[in-house]
Amino acid sequence: MTETSYALELFHQAKRFAFQTLVREKRWGRKLHQESLHIVVKKKYGLNDYFANSAVREANALFFSLMELNKMHIQQTEEKTENRTNQTDEIRQNQRKLHQGKLTVSEKYKIRI
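When the letters of the sequence shown are read in order and numbered with full-length UniProt numbering, they come out as residues 1 to 113.
Think of the hints as simulated: they come from the structure by calculation, not from any bench. Just so you know, not all the hints are guaranteed correct.
[Unchecked claim] Between beta-carbon pairs, the in silico distance windows are:
1) H12 / H73: 25 to 31 Å
2) K43 / Q87: 29 to 35 Å
3) K97 / K26: 48 to 54 Å
4) K31 / Q87: 44 to 50 Å
5) R57 / T4: 19 to 25 Å
6) W28 / T4: 43 to 49 Å
7) Q34 / L8: 26 to 32 Å
8) T77 / L32: 28 to 34 Å
9) R96 / M67: 39 to 45 Å
10) S36 / T4: 26 to 32 Å
11) Q95 / K71: 20 to 26 Å
12) G46 / E25: 21 to 27 Å
[Said to hold, decoys possible] Straight-line C-alpha distance at most 27 Å; calculated DSSO-like pairs for lysine-lysine:
13) K43 / K31
14) K97 / K80
15) K42 / K31
16) K31 / K71
17) K44 / K31
18) K97 / K71
19) K26 / K97
20) K71 / K44
21) K26 / K42
C-beta atoms are modelled at their ideal positions from N, C-alpha and C, and glycine is treated no differently.
Can you make the complete structure from the sequences, with help from the hints?
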């Protein structure tokens, strides 16, 4: 393994550790380390300030990006659910009208009897 590939592997391990730490802190609602994440990564992986800071910043960016995507996913799912609920209500209303004989000709073609 070359020195460059070893450095890259170490950097990605540090980034993964930082990301997992952020996820666990969010999930458990408490800090896992007394020191800053930057210092923890620096000590654990023996990185200099530049690489430790870069790993933590990239992990942070990924974490907050995933949080935003999760919010968007929840919003889209709620919109789809509301749309399906409205469609279901409309279908039930048309079924009641059909059984009562109050459905107009245009409504019959709309629901394709």
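Here is how each hint holds up against the structure:
no., hint, result
1, H12 / H73: 25 to 31 Å, "26 Å, holds"
2, K43 / Q87: 29 to 35 Å, "57 Å, violated"
3, K97 / K26: 48 to 54 Å, "50 Å, holds"
4, K31 / Q87: 44 to 50 Å, "46 Å, holds"
5, R57 / T4: 19 to 25 Å, "21 Å, holds"
6, W28 / T4: 43 to 49 Å, "36 Å, violated"
7, Q34 / L8: 26 to 32 Å, "30 Å, holds"
8, T77 / L32: 28 to 34 Å, "31 Å, holds"
9, R96 / M67: 39 to 45 Å, "44 Å, holds"
10, S36 / T4: 26 to 32 Å, "28 Å, holds"
11, Q95 / K71: 20 to 26 Å, "36 Å, violated"
12, G46 / E25: 21 to 27 Å, "23 Å, holds"
13, K43 / K31, "17 Å, holds"
14, K97 / K80, "26 Å, holds"
15, K42 / K31, "17 Å, holds"
16, K31 / K71, "23 Å, holds"
17, K44 / K31, "17 Å, holds"
18, K97 / K71, "39 Å, violated"
19, K26 / K97, "51 Å, violated"
20, K71 / K44, "33 Å, violated"
21, K26 / K42, "21 Å, holds"
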